[in-house]
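Colleague: Full structure from sequences and hints, please.
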Amino acid sequence: MRVEWETVIGLEIHAELKTKTKIFCSCPNEFGGKENTHVCPVCLGLPGALPVLNKQVVEYAVRAGVALNCAIQSYSKFDRKNYFYPDLPTAYQISQYDLPICRNGYLEIEVNGEKKKIRINRIHLEEDAGKLLHSGSSITSSQYSLADYNRAGVPLIEIVTEPDLSSAEEARVFLEQLRAVLEYTEVSDVKMEEGSLRCDANISLRPVGSTKLGTKMEIKNMNSFRALERALAYEIERQQEVLEEGGKIVQETRAWDEGKGMTAVMRSKEEAHDYRYFPDPDLAPIILEPEWVEEIRASLPELPEARKERLVQELGLSAYDAGVLTASRALAEFFDQTVAVYNAPKVVANWIMVEYLGLLNANNLELEKSKITPKQLATLLIVQAEGKISGKIAKKVFAEMFATGKDPEKIIKEKGLVQISDEGALAAVVDKVIAANPQSVEDYRGGKKKALGYLVGQVMKETKGQANPGVVNKLLQEKLK
Amino acid sequence: MQYEIKDGEMIVKITVKDVEKIADLAKLELSAEEGQGFTQDLQIRLERLEVLKEVDTSGVEPLVYVLPAKNVLREDRVGQCLVQEEALANTSEVEDGCFKVPRIV
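Chains as they are written, first to last, in this note's numbering: chain A, 1 to 481; chain B, 1001 to 1105.
Hints listed in this document are in silico derivations from the structure and should not be mistaken for laboratory results. Because the structure is a prediction, the values reported are computed rather than measured. Wrong hints could be hidden among the right ones.
[Claimed, not checked] Under the rule of at most 20 Å between Cα atoms (straight-line distance), these lysine to any residue pairs were calculated in the SDA-like manner:
| hint | chain 1 | residue 1 | chain 2 | residue 2 |
| --- | --- | --- | --- | --- |
| 1 | A | K18 | B | C1081 |
| 2 | A | K450 | A | S440 |
| 3 | A | K369 | A | V324 |
| 4 | A | K55 | B | V1078 |
| 5 | A | K479 | A | M460 |
| 6 | B | K1100 | A | A91 |
| 7 | B | K1070 | A | L288 |
| 8 | B | K1100 | A | F84 |
| 9 | B | K1070 | A | E126 |
| 10 | A | K34 | B | E1085 |
| 11 | B | K1100 | A | P86 |
| 12 | A | K479 | A | V441 |
| 13 | A | K131 | B | K1100 |
| 14 | A | K369 | A | E400 |
| 15 | A | K131 | B | S1092 |
[Claimed, not checked] Residues from chain A that keep clear of chain B, each with C-beta distances beyond 12 Å, as calculated:
| hint | residue |
| --- | --- |
| 16 | V3 |
| 17 | E169 |
| 18 | K191 |
| 19 | R206 |
| 20 | N223 |
| 21 | F225 |
| 22 | V250 |
| 23 | A330 |
| 24 | L357 |
| 25 | L359 |
| 26 | E366 |
| 27 | A403 |
| 28 | A425 |
| 29 | T463 |
| 30 | E478 |
Heads up, the beta-carbon is just placed ideally off N, CA and C, and yes, glycines get one too.
Modeller: This is the structure we're talking about:
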């Protein structure tokens, strides 16, 4: 009998917090910078230097925790995770072991129209490690490595899910949703390409119906949503093949190779991980007053799920459109602000999704850096609705707005794009087109109604798209009676 | 680790293997003699700690942090960093503004 397999996936997500300074010292938390210039005795682990916790870090962790429906812990503490690896100069990472700041949360995702709650086991605080540059092509062939500690001590939250995800697609959707929550709550930059959002996965297969978890594999180095989905899909297939051939999965860590489209075993230290955690004696425990937590809860913005729901329920958008528009807070704000000026949600949604996102993608530009304001888009759509310009011209004007940031009225005026609706002004062009196309005129009179469309098109061409198609239609019909 | 019953109580018995593992994790090299010595020393210390079992700790919360301090926090304001030369001053080898470290694996 053929065994049916089911996939069990859990994710570990690291997000760098968007603070001005590092977690335990006042060095700037900035991406890049000349090597070893964002460092001080604390983050270099010099003897005698003492870490002091950044208040903003605690607030951001609580914000994320509240937004992810976690129980915020009134008592939490820091521990030292001991390991010898030069990415941290102290030979330990300050993390949280048995008393993390948040526990037992969840995030609801929607895949193929079905909603599913993905439980979050915990969120804990820790410091990021520095960057290592290996002299050879890989760590194993290097004679030596170079350490830059600018990133050492950057604040991180690590979010650990329960193994509730059952496909590569669910994992990708979860990560996208989580990214949106962290972006909305403004706790992290969530840029996967810059490493401010990182994701590792644990994945195993088991026969359908079994409640026992199979041997899990850890997958690292997935640097985009697409990479996560591809790596997991690859791993599901690979493990299934091994199991179906009667083989066994051995617990190991594998790295995703985006170029080759496959995972490979990562060479790691021989000894099993034994981090010998113990409480960091240099750091006092965090005791959170419920009032502070409630204050933070009250200050949260409308979250992606709620926003999406509102767009569907109150504005009548489809779930798909609402999902696209709320995927980032900036886009959702742009939509809301445009609708506030021009109250036609579906028209606005279409314009943003087709024209605006199209131009942004084509130019590889982020919305925040685009020149168009919601008011400008609303004005353009109002001008179009009033019949002053045609839909085709509106798209032209929009492209110009996108390139220059100019107001739509100004562009229309400067380029003389106002729609011609005056019958007197159009009559001459219509006459000219009729005279120049006797065959089409004959066809139309002979009952071929389609021929009229061709004639309308010719008038539009003559007027460079400025003629009001409705008026042209009416004039042609009258004249060809 | 092994266990042994003594006067009706279970006590931990440290073996040379335990000591070797701990030394390995701490990157310490021990001679056979030192290994034996530490095994005995640790055993004696653990047995001394047995006396703690006599204290009635029912109703006492586990101690996580010995000082009365809590929420020692600082504001999120950028302060002074070291300049690169200062940061690298204590290391023996430097390359491209970085700490040069021996091969890792």
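Colleague: Which earlier hints can't be squared with this structure?
Modeller: No numbers; nothing is violated.
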